[in-house]
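Build the full structure now, drawing on both the sequences and the hints.
Top to bottom, those sequences are chains A and B. Here the first sequence is numbered in this note's numbering, starting from 1 and rising by one per residue. Here the second sequence is numbered in this note's numbering, starting from 1001 and rising by one per residue.
A few of these clues could be false.
[What the hints assert, rightly or not] Straight-line alpha carbon distances no greater than 27 Å define the calculated BS3-like cross-link-like pairs of lysine-lysine that follow:
| # | chain 1 | residue 1 | chain 2 | residue 2 |
| --- | --- | --- | --- | --- |
| 1 | B | Lys1050 | A | Lys135 |
| 2 | A | Lys68 | B | Lys1050 |
| 3 | B | Lys1042 | A | Lys135 |
| 4 | B | Lys1050 | B | Lys1070 |
| 5 | A | Lys118 | B | Lys1042 |
| 6 | B | Lys1070 | B | Lys1042 |
| 7 | A | Lys68 | B | Lys1042 |
These are computed hints drawn from the structure, not numbers from a lab.
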Amino acid sequence: MSVLRLTPAVYNQIRAHGQQTYPHECCGALLGNSTPDGWQVHSAVPAGNTRTDSAHNRYHIAPVELVKIERDARRQGLSIAGFYHSHPDHPAQWSVTDLAEAHWLGCCYVITAVAQGKATLTNSFLLAGATEEDKNFETQTVLVGEQSIAPAGN
Amino acid sequence: MTIFIPTPLRPFAGNHDAVEVNAANIAEALAALTQAHPDLQKHLFTGEGKLRAFVNLYLNDEDVRYLPEKDATAVNPNDTLSIIPSIAGGC
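Shown next as structure tokens:
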């Protein structure tokens, strides 16, 4: 199982973001460096959710925003390691929509369940596979500092 | 010009985050990219040679699909082309 390492600050930030946008989904990018067993994330960049038509159960980040996020990442010697979003009153598990819309092979997709406005579980899934046609999500171990907080149930 | 390679495509571009190419327009730049790194072809294009629907291209900060000349748009040596796979989802 691959490992996603988050700093406590990043972990708290992405969960707080989900609480702030509740009952809508939050979203953002995670910046970091690859490790032999996964990713070390150093910072989270909140992004706008363009799906204002269905923000309670959909998110989309404008590509032009990612151009700028990636530019800033390069300046810092970091890569886009993956993305985070929240599931308002829904489990911290990837959905059929999450998989269909996932295209960043090798990157992590972090999902936080926000129940009644409070962040509960945070899980991470690596988008594995060699091509778009055989992509699949693999559950990751999430380490916050030295503590393992996932995988966790719903 | 410089083509910025997103994280998921770097393994197919020699693990580079940027590739320099000589080209007169965007289409030529992409052709030069896939010639130098053939494994990128199937990740960027369909079997019919069309750009995959989830692949967004930005010339500097402009979405190529909305440029009047689209991928025939001329480029300068100082221009950059960013390849950005779509990011979306939801519960």
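Hints and how they fare:
1. B:Lys1050 / A:Lys135: Judged against 27 Å, a Cα distance of about 20 Å means the pair holds.
2. A:Lys68 / B:Lys1050: It holds: about 26 Å lies between the C-alpha atoms, which stays within 27 Å.
3. B:Lys1042 / A:Lys135: holds, 14 Å
4. B:Lys1050 / B:Lys1070: holds, 13 Å
5. A:Lys118 / B:Lys1042: Cα-Cα ~42 Å, so violated.
6. B:Lys1070 / B:Lys1042: holds, 21 Å
7. A:Lys68 / B:Lys1042: holds, 26 Å
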